[in-house]
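Number of protein chains: 2
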Amino acid sequence: MTWTLARRTERMNPSAIREILKLAERPGVLSLAGGLPSPDGFPVEALREASARVLRDTPREALQYAASEGYGPLREWVAARLANDGVVVEPGQVLVTTGSQQGLDLVGKLLIDAGSAVAVETPTYLGALQAFAPCEPAFAALASDDEGPKPEALAGAAGARFAYLLPNFQNPTGRVISEARREALVAAAQAAALPLVEDNPYGELWFDAPPPAPLAARWPQGTIYLGSFSKILAPGLRLGYVVAPPALYPKLLQVKQAADLHTPGFNQRIVHEVVRDGLLDRHVPTVRARHAAQRDAMAAALRAHLPAGAEWQPPRGGMFFWLRLPPGLDATALLPRAIAAGVAYVPGAPFHAGEADPRTLRLSFVTLTPAQLHTAIATLGRVVHEALAEQAGSALSLRRAA
Amino acid sequence: MTWTLARRTERMNPSAIREILKLAERPGVLSLAGGLPSPDGFPVEALREASARVLRDTPREALQYAASEGYGPLREWVAARLANDGVVVEPGQVLVTTGSQQGLDLVGKLLIDAGSAVAVETPTYLGALQAFAPCEPAFAALASDDEGPKPEALAGAAGARFAYLLPNFQNPTGRVISEARREALVAAAQAAALPLVEDNPYGELWFDAPPPAPLAARWPQGTIYLGSFSKILAPGLRLGYVVAPPALYPKLLQVKQAADLHTPGFNQRIVHEVVRDGLLDRHVPTVRARHAAQRDAMAAALRAHLPAGAEWQPPRGGMFFWLRLPPGLDATALLPRAIAAGVAYVPGAPFHAGEADPRTLRLSFVTLTPAQLHTAIATLGRVVHEALAEQAGSALSLRRAA
Numbered sequence: 001m002t003w004t005l006a007r008r009t010e011r012m013n014p015s016a017i018r019e020i021l022k023l024a025e026r027p028g029v030l031s032l033a034g035g036l037p038s039p040d041g042f043p044v045e046a047l048r049e050a051s052a053r054v055l056r057d058t059p060r061e062a063l064q065y066a067a068s069e070g071y072g073p074l075r076e077w078v079a080a081r082l083a084n085d086g087v088v089v090e091p092g093q094v095l096v097t098t099g100s101q102q103g104l105d106l107v108g109k110l111l112i113d114a115g116s117a118v119a120v121e122t123p124t125y126l127g128a129l130q131a132f133a134p135c136e137p138a139f140a141a142l143a144s145d146d147e148g149p150k151p152e153a154l155a156g157a158a159g160a161r162f163a164y165l166l167p168n169f170q171n172p173t174g175r176v177i178s179e180a181r182r183e184a185l186v187a188a189a190q191a192a193a194l195p196l197v198e199d200n201p202y203g204e205l206w207f208d209a210p211p212p213a214p215l216a217a218r219w220p221q222g223t224i225y226l227g228s229f230s231k232i233l234a235p236g237l238r239l240g241y242v243v244a245p246p247a248l249y250p251k252l253l254q255v256k257q258a259a260d261l262h263t264p265g266f267n268q269r270i271v272h273e274v275v276r277d278g279l280l281d282r283h284v285p286t287v288r289a290r291h292a293a294q295r296d297a298m299a300a301a302l303r304a305h306l307p308a309g310a311e312w313q314p315p316r317g318g319m320f321f322w323l324r325l326p327p328g329l330d331a332t333a334l335l336p337r338a339i340a341a342g343v344a345y346v347p348g349a350p351f352h353a354g355e356a357d358p359r360t361l362r363l364s365f366v367t368l369t370p371a372q373l374h375t376a377i378a379t380l381g382r383v384v385h386e387a388l389a390e391q392a393g394s395a396l397s398l399r400r401a402a
Numbered sequence: 403m404t405w406t407l408a409r410r411t412e413r414m415n416p417s418a419i420r421e422i423l424k425l426a427e428r429p430g431v432l433s434l435a436g437g438l439p440s441p442d443g444f445p446v447e448a449l450r451e452a453s454a455r456v457l458r459d460t461p462r463e464a465l466q467y468a469a470s471e472g473y474g475p476l477r478e479w480v481a482a483r484l485a486n487d488g489v490v491v492e493p494g495q496v497l498v499t500t501g502s503q504q505g506l507d508l509v510g511k512l513l514i515d516a517g518s519a520v521a522v523e524t525p526t527y528l529g530a531l532q533a534f535a536p537c538e539p540a541f542a543a544l545a546s547d548d549e550g551p552k553p554e555a556l557a558g559a560a561g562a563r564f565a566y567l568l569p570n571f572q573n574p575t576g577r578v579i580s581e582a583r584r585e586a587l588v589a590a591a592q593a594a595a596l597p598l599v600e601d602n603p604y605g606e607l608w609f610d611a612p613p614p615a616p617l618a619a620r621w622p623q624g625t626i627y628l629g630s631f632s633k634i635l636a637p638g639l640r641l642g643y644v645v646a647p648p649a650l651y652p653k654l655l656q657v658k659q660a661a662d663l664h665t666p667g668f669n670q671r672i673v674h675e676v677v678r679d680g681l682l683d684r685h686v687p688t689v690r691a692r693h694a695a696q697r698d699a700m701a702a703a704l705r706a707h708l709p710a711g712a713e714w715q716p717p718r719g720g721m722f723f724w725l726r727l728p729p730g731l732d733a734t735a736l737l738p739r740a741i742a743a744g745v746a747y748v749p750g751a752p753f754h755a756g757e758a759d760p761r762t763l764r765l766s767f768v769t770l771t772p773a774q775l776h777t778a779i780a781t782l783g784r785v786v787h788e789a790l791a792e793q794a795g796s797a798l799s800l801r802r803a804a
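Protein chains in written order, with the working numbering: chain A, 1 to 402; chain B, 403 to 804.
Same shape as in the complex, but just chain A:
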């Protein structure tokens, strides 16, 4: 039996992250690859109580089919929470999704035709490239500097269906788009009539100071905003949301209905139970403190163990260091050796829509303990030092042979 696959499947490749996670699953490997929050940060007791309460008080509603829009009180809570960040929306603009990954899938279906241009940062979140790929867009990479994508790059992307941006502690680079750059980007997008899709899973995970206000606060009618409960509560509940301008919402809702009818009502009610009485105000600071200590441990270990020529910036929030190896090294080529030595990471190449920098790689600091992070980075440092020594040796041989 031969099956004819849809053309879009030619553009799908196995998730690099997940294939690497499989390699890294064997005992003895310390993984810096996956963006898995430490389970120590899951508010288990609160979720246990909430779950029991939901199944005691409203089991018939929690276990029944429910509205595609999401659980009303949770949508109201999201709208109220966003108002704190200056994003003024009605609960009727909030669509609850099965993780914010589903939000990306729905936005792609809503806005992308085969061959449509979609502007993305490079590097950008790999999962977004994968979510959009089935709609067969033509990705256009936005040039950027340390403050974020360049406004003139956005102007040059006029005609694209949207620009996908991760302003806060970007995955994979950890970069925050500055206040001034946000203003300039929104002005450029408005001038070009280029819609924005703003993905903000990490905005609450700041260490020293909150990031500047979201793009959606500056241009609500031109921005679709995505949020998530995965990083501030627990990813295994698969709860996120999309906030869409009122003109888009009805079609977005139809896309959602067709995709999975609705996100589990049980999960939505549990999360509403834990957030409605202010758990996040007590809980998120503990997540921030844990992550900051992990960030500090990784920064110290990188300083201690990585050779000259390696480049990185300690992130001010989020979950990732973006490391650039010394000249001449290739992070993808080095990975099997690193895993053999006992440490895993994600090479930077698959995060790039355009040309990739082979020296780059992503390190997650949120899964392991500070002591494990020191061990993992020491191992990585040893592998990099060895690779450099071999490179120098082979360069020497080449020079001798010449």
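Treat the hints with care, as some may be off.
Said to hold, decoys possible - To give a feel for the contact side, a few chain A residues facing chain B, derived at Cβ under 10 angstroms:
1. Ala6
2. Phe42
3. Pro59
4. Thr98
5. Gly127
6. Gln190
7. Ala234
8. Gly236
9. Leu248
10. Lys251
To be verified - Using 25 angstroms as the maximum straight-line C-alpha spacing, the simulated SDA-like pairs for lysine to any residue come out as follows:
11. Lys424/B / Pro91/A
12. Lys424/B / Gly92/A
13. Lys150/A / Arg324/A
14. Lys150/A / Pro212/A
15. Lys424/B / Ala67/A
16. Lys424/B / Pro73/A
17. Lys424/B / Thr771/B
18. Lys22/A / Pro648/B
19. Lys22/A / Tyr651/B
20. Lys22/A / Glu10/A
21. Lys424/B / Trp77/A
22. Lys424/B / Tyr249/A
23. Lys22/A / Ile339/A
24. Lys552/B / Pro612/B
25. Lys22/A / Arg337/A
26. Lys22/A / Ala649/B
Read the hints as simulated data drawn from the structure, not as lab findings. Quick reminder that beta carbons are idealized off the backbone N, C-alpha and C, glycines included.
Given the coordinates of chain A, assemble chain B onto it according to the supplied hints.
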């Protein structure tokens, strides 16, 4: 701000079922519209205990990111359960989905290009038409009789990407494809090299005798099989599964990863807890008995209250009666009047891929009690009698005027 929507959105219309459910939400309306199982049939106590156990014993695993394939022990359970029906599969062929609606979305993305032919029964499950629509197929309606779609119709659909079939207690007609017809259909599909997508959410809901073995048991390498926990446990958990031939599985998995990373691990573990010690063997017979009593109540009420000329067959399982109104009546036109009188249903038109029979409508018997079903059908009968009387009156006026 003007947004350019993807072309596929032109093919999406608001879900007729959901729009009608909104109308029917006002107090005093008895709804026969939605396929919502009675909450009396939810095994609340077992789910409560399982939920507490999961969050006590494995909270860190249940709340963390998990494999896109699904929870291993649940996949093993599904494979073992299917073996009872003669469907021999490896656990590695099972993909857990966020409800079986998501399974349809994933299958569409995997196999449908814009303009691809997809063969469907007519009428067929409205949600499948909605799930496939974003991939812009050309639907081809399969001619059928009381035993199911005709084998020659399947032969005539050679070249389609697949034929989508609901062999057991079909939504909306309640029809079961006979043993002989299944054999003939599989032979025709094999001869035409036409893949089958077999959707089986209702197979366990038989009243007198189990339905014949699935199509997947007869042609495993040519059939994708979809199953669901929504009708035998609870829909609000959003748990279903797709079983795919090994050659298709890797691409199917990539489509799933891109769609929502994975189905909530918490929900998967809860369901595995309740099914692994045999709850379904005790629980499903109680669901069958409740539904059979509801079916009997609706059948008696239809006999008592519907006028001559109305046609229906009491289903031998599942959740729906398919009613054909007397000649001259239109179920869509009659709906606002029915709702005003206090009863809601779904007109048959949106279930048709090809030409619709305006006299048809779908009645769910699984939500209301037998007493409520009698009241609802009595109301429906009154509305139909009145409409017939008006029709006769206006026919009389026309004759007098002539």
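Each hint, compared with the structure:
Given the 10 angstroms rule on beta carbons, the hint for Ala6/A holds: about 5 angstroms separates it from the nearest Cβ of chain B. Among the interface hints, the one on Phe42/A holds; its C-beta lies about 5 angstroms from the nearest C-beta in chain B, closer than the 10 angstroms criterion. Because the smallest distance between the Cβ of Pro59/A and any Cβ of chain B comes to about 4 angstroms, under 10 angstroms, the interface hint for this residue holds. Nearest Cβ of chain B to the Cβ of Thr98/A: about 5 angstroms, under the 10 angstroms cut. The hint holds.
Look at Gly127/A: its Cβ gets to within about 7 angstroms of chain B, closer than 10 angstroms, so that hint holds up. For the restraint placing Gln190/A at the interface with chain B, the shortest Cβ-Cβ distance is roughly 8 angstroms, inside the 10 angstroms limit, so the hint holds. Given the 10 angstroms rule on beta carbons, the hint for Ala234/A holds: about 4 angstroms separates it from the nearest Cβ of chain B. For Gly236/A, the interface hint holds, since its Cβ comes within 10 angstroms of a Cβ in chain B; the closest pair sits about 4 angstroms apart.
Against a cut-off of 10 angstroms between C-beta atoms, the interface hint on Leu248/A holds, since the closest Cβ of chain B lies about 6 angstroms away. Interface hint status for Lys251/A: upheld, as the beta-carbon distance to the closest one in chain B is roughly 5 angstroms, under 10 angstroms. Taken as a hint, the Lys424/B and Pro91/A pair is honoured in the structure, with Cα atoms around 18 angstroms apart against an allowance of 25 angstroms. Using a Cα cut-off of 25 angstroms, the hinted pair Lys424/B and Gly92/A holds, with the two alpha carbons roughly 15 angstroms apart.
Only pairs whose Cα atoms come within 25 angstroms are accepted, and Lys150/A paired with Arg324/A is accepted, the gap being roughly 21 angstroms. For a cut-off of 25 angstroms, the pair hint linking Lys150/A to Pro212/A stands: about 17 angstroms separates their Cα positions. Note on Lys424/B and Ala67/A: the hinted pairing holds, with a Cα-Cα distance of about 10 angstroms set against a maximum of 25 angstroms. Proposed proximity of Lys424/B and Pro73/A is supported: the alpha carbons are some 18 angstroms apart, at most 25 angstroms.
Note on Lys424/B and Thr771/B: the hinted pairing holds, with a Cα-Cα distance of about 21 angstroms set against a maximum of 25 angstroms. Annotation: proposed proximity of Lys22/A to Pro648/B holds, straight-line Cα distance about 19 angstroms (limit 25 angstroms). For the hint linking Lys22/A to Tyr651/B, the alpha-carbon distance of about 17 angstroms falls within 25 angstroms, and the restraint holds. Under the criterion of a C-alpha separation no larger than 25 angstroms, the hint pairing Lys22/A with Glu10/A is consistent with the structure, at around 23 angstroms.
For the hint linking Lys424/B to Trp77/A, the alpha-carbon distance of about 23 angstroms falls within 25 angstroms, and the restraint holds. Simply put, Lys424/B and Tyr249/A have alpha-carbon atoms about 17 angstroms apart, close enough for the 25 angstroms limit, and the pair holds. Between the alpha carbons of Lys22/A and Ile339/A the distance comes to roughly 11 angstroms, so the proposed pair stays at or under 25 angstroms and holds. The straight-line distance between the Cα atoms of Lys552/B and Pro612/B is roughly 22 angstroms, inside the 25 angstroms bound, and the hint therefore holds.
Proposed proximity of Lys22/A and Arg337/A is supported: the alpha carbons are some 15 angstroms apart, at most 25 angstroms. A distance of roughly 21 angstroms separates the Cα atoms of Lys22/A and Ala649/B; the hinted pair therefore holds under the 25 angstroms criterion.
In terms of the numbered hints stated before, the structure departs from none.
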